[in-house]
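Novice: Sequence:
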Amino acid sequence: MRYISIFAVLFSIFFTTSVWAHGDASHVMGTVTAVGDNHVVVTTSKGENLSLAFHPQIIFQQNGIHVEHARPQVGDRLVAEVSKKGVPENRDWVATEITFATPKKKP
1 MRYISIFAVL
11 FSIFFTTSVW
21 AHGDASHVMG
31 TVTAVGDNHV
41 VVTTSKGENL
51 SLAFHPQIIF
61 QQNGIHVEHA
71 RPQVGDRLVA
81 EVSKKGVPEN
91 RDWVATEITF
101 ATPKKKP
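Note that the sequence shown covers residues 1 to 107 in my numbering.
Worth flagging that the hints you see were computed from the coordinates, not collected in a lab.
Since the model is a prediction, treat every value here as computed from it, not as a measurement.
Keep in mind that a hint or two might mislead.
[To be verified] Quick list of the computed label-pair ranges, beta carbon to beta carbon:
1. 36 x 65: 19 to 27 Å
2. 66 x 35: 13 to 21 Å
3. 26 x 47: 15 to 23 Å
4. 85 x 107: 42 to 50 Å
5. 44 x 88: 13 to 21 Å
6. 106 x 38: 31 to 39 Å
7. 57 x 106: 32 to 40 Å
8. 87 x 107: 39 to 47 Å
9. 107 x 37: 33 to 41 Å
10. 106 x 58: 26 to 34 Å
11. 85 x 105: 34 to 42 Å
12. 69 x 46: 30 to 38 Å
13. 83 x 106: 31 to 39 Å
[Claimed, not checked] PhoX-like mimics (lysine-lysine), calculated; alpha carbons at most 25 Å apart, straight line:
14. 105 x 46
15. 84 x 46
16. 46 x 106
17. 85 x 46
18. 46 x 104
Beta carbons: idealized from backbone N, C-alpha and C, even for Gly.
Kindly generate the complete structure, drawing on both the sequences and the hints.
Specialist: Written as C-alpha cells, this is what we have:
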C-alpha cells in the first residue's frame with residue numbers, strides 16, 4: 001500500500017500536463033474611467049488606459065454573480081477576459097467576459 005502511494009505521488013509530479021484555462025484569451029485588470037454603450041475604458045495598475053469593446057455575447061458579472069443588465073460604472077474595479085479577435089478600429093481589445101465590483105469606501 002505504501003509503494004502505491006509513493007508511486008501515485010511521483011507519477012502526479014512528473015507526468016502532469018499543463019492546463020490552459022482560457023485558450024488564447026488574456027486578462028485586463030484595472031479601474032473603470034469611462035463607460036460607453038458598447039465599450040469601457042480601464043486604467044491598469046501600470047497607468048495604461050485601455051479601451052475594451054463589448055463582444056456581442058459578452059457576459060457581465062457583478063460581484064461574481066451573473067447579472068444580465070448590470071454594467072460597470074466609473075470607479076468600479078474590473079477584471080475582463082479579452083481577445084484581439086475582431087477588435088474594432090478605435091479599441092484595444094474585445095471583452096468577452098467582465099467581472100466588476102464597486103470598491104468599499106474607506107471610513
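Novice: Each of the hints needs a verdict: does it hold here or not?
Specialist: Now the hints, each set against the structure:
{"no.": "1", "hint": "36 x 65: 19 to 27 Å", "in the structure": "24 Å, holds"}
{"no.": "2", "hint": "66 x 35: 13 to 21 Å", "in the structure": "19 Å, holds"}
{"no.": "3", "hint": "26 x 47: 15 to 23 Å", "in the structure": "18 Å, holds"}
{"no.": "4", "hint": "85 x 107: 42 to 50 Å", "in the structure": "44 Å, holds"}
{"no.": "5", "hint": "44 x 88: 13 to 21 Å", "in the structure": "20 Å, holds"}
{"no.": "6", "hint": "106 x 38: 31 to 39 Å", "in the structure": "33 Å, holds"}
{"no.": "7", "hint": "57 x 106: 32 to 40 Å", "in the structure": "37 Å, holds"}
{"no.": "8", "hint": "87 x 107: 39 to 47 Å", "in the structure": "41 Å, holds"}
{"no.": "9", "hint": "107 x 37: 33 to 41 Å", "in the structure": "35 Å, holds"}
{"no.": "10", "hint": "106 x 58: 26 to 34 Å", "in the structure": "31 Å, holds"}
{"no.": "11", "hint": "85 x 105: 34 to 42 Å", "in the structure": "38 Å, holds"}
{"no.": "12", "hint": "69 x 46: 30 to 38 Å", "in the structure": "32 Å, holds"}
{"no.": "13", "hint": "83 x 106: 31 to 39 Å", "in the structure": "35 Å, holds"}
{"no.": "14", "hint": "105 x 46", "in the structure": "23 Å, holds"}
{"no.": "15", "hint": "84 x 46", "in the structure": "20 Å, holds"}
{"no.": "16", "hint": "46 x 106", "in the structure": "23 Å, holds"}
{"no.": "17", "hint": "85 x 46", "in the structure": "24 Å, holds"}
{"no.": "18", "hint": "46 x 104", "in the structure": "22 Å, holds"}
Hint check: no violations occur; every hint is consistent with the structure.
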